[in-house]
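Trainee: Residue numbers (our numbering), protein chains in the order written: chain A, 1 to 458; chain B, 459 to 920.
Everything labelled a hint here was simulated from the structure, so no lab data went into it. Don't be surprised by glycine CBs; every beta carbon is placed ideally from N, CA and C. Watch out, some of these pointers could steer you wrong.
To be verified - PhoX-like mimics (lysine-lysine), calculated; alpha carbons at most 20 Å apart, straight line:
no. : chain 1 : residue 1 : chain 2 : residue 2
1   : B       : Lys-852   : A       : Lys-213
2   : B       : Lys-652   : B       : Lys-698
3   : A       : Lys-391   : A       : Lys-348
4   : A       : Lys-10    : B       : Lys-852
5   : A       : Lys-391   : B       : Lys-852
6   : B       : Lys-652   : B       : Lys-605
7   : B       : Lys-579   : A       : Lys-10
8   : A       : Lys-213   : B       : Lys-605
9   : B       : Lys-650   : B       : Lys-605
As the list claims (entries may be wrong) - Below, a sample of chain A positions facing chain B; criterion: calculated Cβ distance under 7 Å:
no. : residue
10  : Asn-15
11  : Arg-50
12  : Ala-67
13  : Leu-104
14  : Arg-210
15  : Ile-214
16  : Gln-360
Said to hold, decoys possible - If you want the footprint, here are the derived chain B segments under chain A, 3+ residues with CB under 8 Å:
no. : segment
17  : 504-513
18  : 688-695
19  : 837-848
20  : 855-864
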Amino acid sequence: MIANETFRAKQVNENQCNMCMPLGGVIAFKGIEGAMVLVHGSQGCSTYMRLANVEHFNEPVDIASSALNEKQTIFGGEPNLHKAMDNVLRVYRPKVLGIVTTCLSETIGDDVKGMVQKYQNARPDCQVDFIPVSTPSYAGSHSEGFWAATKAVVQHYASLLEKHQGINIIVPHISPADIREIKRMLVLMGIEHTLIPDYSMTLDRPFGGRYQKIPSGGTPTRSIERMGGASATIQFGRTCPANISPGAFLEGEFGVPLYNLPLPIGLESTDLFLKTLRELTGRTVPESLTLERGWLLDAMADSHKYNAEGLPAVYGEPELVYAFTTLCAENGAFPAVVASGTQISRLKDLIAPLFPEDEQPELIGEADFASIEEACVRSGVNIAIGHSGGKVLTERQGIPLVRVGYPINDRVGGQRILSAGYAGTLAFLDRFTNTLLESKYGTYRQRKKQELFEKGGK
Amino acid sequence: MGTNCGSSAQTVCIEERQGSIVTKGKSKSHVSCGNDSLAGSVSQRACVYCGARVVLNPVTDAVHLVHGPIGCATFTWDIRGSLSSGSEMYRNSFSTDLRERDVIFGGEKKLAECIDEIVSKYRPPAIFVYSTCVVGVIGDDIIAVCKEASRVYGIDVIPVESTGFVSGNKIVGYRAAAEALLRLIRPKEGTKIKKNNTVNFLGEYNLGGEKWIVERYLREIGIEINVAFTGDSSVEALKKAPEARLNLVQCTGSMHWLASQMEKEFGIPCLDVNFFGSENIATSLRSIARFYGDDQVSKRAEELIERETSMLRPQLERYRDKLRGKRAAIYVGGAFKAMAIVRQLNELGVEVVVVGTQTGRSEEYQTLSGMLEDGTVIIDDANPAELERFLLEKKIDVMAGGVKERTLAYKLGIGFIDHNHDRKDALAGYEGALRFAREVYISACSPVWKHLRQVLPERERQ
Chain A
1 MIANETFRAK
11 QVNENQCNMC
21 MPLGGVIAFK
31 GIEGAMVLVH
41 GSQGCSTYMR
51 LANVEHFNEP
61 VDIASSALNE
71 KQTIFGGEPN
81 LHKAMDNVLR
91 VYRPKVLGIV
101 TTCLSETIGD
111 DVKGMVQKYQ
121 NARPDCQVDF
131 IPVSTPSYAG
141 SHSEGFWAAT
151 KAVVQHYASL
161 LEKHQGINII
171 VPHISPADIR
181 EIKRMLVLMG
191 IEHTLIPDYS
201 MTLDRPFGGR
211 YQKIPSGGTP
221 TRSIERMGGA
231 SATIQFGRTC
241 PANISPGAFL
251 EGEFGVPLYN
261 LPLPIGLEST
271 DLFLKTLREL
281 TGRTVPESLT
291 LERGWLLDAM
301 ADSHKYNAEG
311 LPAVYGEPEL
321 VYAFTTLCAE
331 NGAFPAVVAS
341 GTQISRLKDL
351 IAPLFPEDEQ
361 PELIGEADFA
371 SIEEACVRSG
381 VNIAIGHSGG
391 KVLTERQGIP
401 LVRVGYPIND
411 RVGGQRILSA
421 GYAGTLAFLD
431 RFTNTLLESK
441 YGTYRQRKKQ
451 ELFEKGGK
Chain B
459 MGTNCGSSAQ
469 TVCIEERQGS
479 IVTKGKSKSH
489 VSCGNDSLAG
499 SVSQRACVYC
509 GARVVLNPVT
519 DAVHLVHGPI
529 GCATFTWDIR
539 GSLSSGSEMY
549 RNSFSTDLRE
559 RDVIFGGEKK
569 LAECIDEIVS
579 KYRPPAIFVY
589 STCVVGVIGD
599 DIIAVCKEAS
609 RVYGIDVIPV
619 ESTGFVSGNK
629 IVGYRAAAEA
639 LLRLIRPKEG
649 TKIKKNNTVN
659 FLGEYNLGGE
669 KWIVERYLRE
679 IGIEINVAFT
689 GDSSVEALKK
699 APEARLNLVQ
709 CTGSMHWLAS
719 QMEKEFGIPC
729 LDVNFFGSEN
739 IATSLRSIAR
749 FYGDDQVSKR
759 AEELIERETS
769 MLRPQLERYR
779 DKLRGKRAAI
789 YVGGAFKAMA
799 IVRQLNELGV
809 EVVVVGTQTG
819 RSEEYQTLSG
829 MLEDGTVIID
839 DANPAELERF
849 LLEKKIDVMA
859 GGVKERTLAY
869 KLGIGFIDHN
879 HDRKDALAGY
889 EGALRFAREV
899 YISACSPVWK
909 HLRQVLPERE
919 RQ
């Protein structure tokens, strides 16, 4: 039972499905309390990342740059990196400074760890925690950048101070609304936890109060320190490579048992999350969540026949692709195309079991939108699920798009898209079904007339 | 010199940035500009590649191939609001998607293969190949690869030398784009240029269809646009650029050098124009008419100006009443745009009290300064901390700028006018002037601010 796997056959990448590695690193750092982030590279990188984040999150997202120029590119970027650190500390007064590298600084061979060490040695009184992460764009996509930065933060702080009953929750790159929903479920269950990285308040701030250059919120570093003593780690990272897996690090270093689960998106995956929590803590699932599950079941019955007419394409970051493919499959809308701009070696083994043997999807790794579009046309896809890049599928092939993931830059509210938990799954499912209905009701009279009447009816 | 940076307890300024911030009337010195962005200052500037891409992207039937790692291409895919009357090829984003092994062993072979694939799939009339930071460091000879591909396929494969780290300043990228355009339009040696009576329109990118508005005006007064650089242009049309009689230059930052080269090489004189705001439009139409020295053209220009301004004036008056006493800040890419916005806001009775640009030149800042009242803050290459400080200190009601500034303004309870490359609606011409006025009004006077400002601290309320 193996899905048909293809790759982008061409060398050229035509209309990108993924973003660059340092971008993912930046977003992860925005989920750490008191953190600012510095991109070691040329000025443009940080500005582009700010632009992408501002458009998606609709929040100010400040990202500093060491603004390397030609001279430093030849002689090394240390003086500029140090000056950038000086200026960022002065203006932003962060508690944590994440430093992500870029293609440029990696290619010229800057030893960023060494440079940071030197900076600290010269300032023994400096209280700021510096966390450098290697994120050259040519080595991976923003998904890997996100995991790598999260792991670097955990690695920096976690220790074995004391054993405790709390649970570590490690999330992939999901929306602030999804983070809040996962936290809500944990609170409803009364479970002590540390969720990382938590950008639910830093990249989606309620309006009001004095403007803060570094918004309050984010995972407190004190809590990250205690992660080594937690009773378990739940990481929503079935597709996370082992070498950059924060959960695997905690397990290897401190023996914290790792439960690598799918994102709690869809009925079965949310069930699995709550079941795992129940087994780990002995807590019961409260009535309110059971009611939400019931509403979701009710909706699944209401819409299953409409959904069965859906032939989706799902694309984006591997973890989200896995989650939404699961959700579609459990509702009888089996995706025909499953694609990611990132490598999918881990994803492909997870996808096949979700499908009947004769309805396996076409899997595309390191995809671009040219390859996704071709596959969609080949298999008659009639709905797409993913980020705004898929607008080309709508513009060129008339395939409607249900927007989830990152970036959402042609609609408002990317930061508020909710798909996690029973409530989020229901919200997504309604959007999905209604998109199918809108497209059906918008065209069926004309189509039936063409198909049936004009072919012979009188 | 400069303003008293650091006076605010809230916002700490960086010492080295002080020369880049002056208050008109309080300081004898000029604003320091044209420097590389300071490390760690969170500049709003982009990169050389970005500058080149902005200028070339509207060439509709060309393929734009970014030679570099994936990010450079992803971040610039279809982010501009340029419209096309023909091909949509320019809205695609092609990348050579360099990986680790390419960075180690060189990316020339992959670049050549990508060009092969593009040609066999699309047969475009031209391919612009942009170099990026990494390509500059690993030393790929993109000129040689492009030359060979041009020879093999008989199309224009044009290198754009836009390696990003040369400078954080987009202007260097404008120049790289101008050189690429010159390479594209320069006739083969020995070709005789047949002159005609048309104009080229340089520095017009057809955002929201602005080129089409100006084209309609010029046609009405009896003048045809040969080709715009580069809004809604095609490779074929651009190649006919040397035939034009006159170059109109609008966005001086991006096109001044190209205009002077075209004057040298093809003997085309140039004229600065600006079609933003009714004063600028009238001045521009009149100077074009004067250049042609044709009474009919002048007469038709006057008729057009009279007809359009008499329609526009009462409508603007409505907005003037509503906007009286409002205070504005401007932070945009180039000084050309800043000046046009200052004039338009003044026409609307809005007082401009903060002006800044990413890439203004010294002489442009002097002109800008001449248009402003004493006490206005002028700032080059601002960062968010500085913008935050002056937005609050100067009690701004509405700000004009690009996407990155928008969310900051909103968080401070301040209205925001989108004046960037991704805008979808035209702001040029008389209808654009009206739309601009409406945009200022709906931004500054929206009922939402009443509710939002209630939950801001006293200091941040207007």
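Trainee: What hint numbers does the structure not satisfy?
Mentor: Hint check: 3, 4, 5, 6, 8, 9, 15, 16, 18 fail, others pass.
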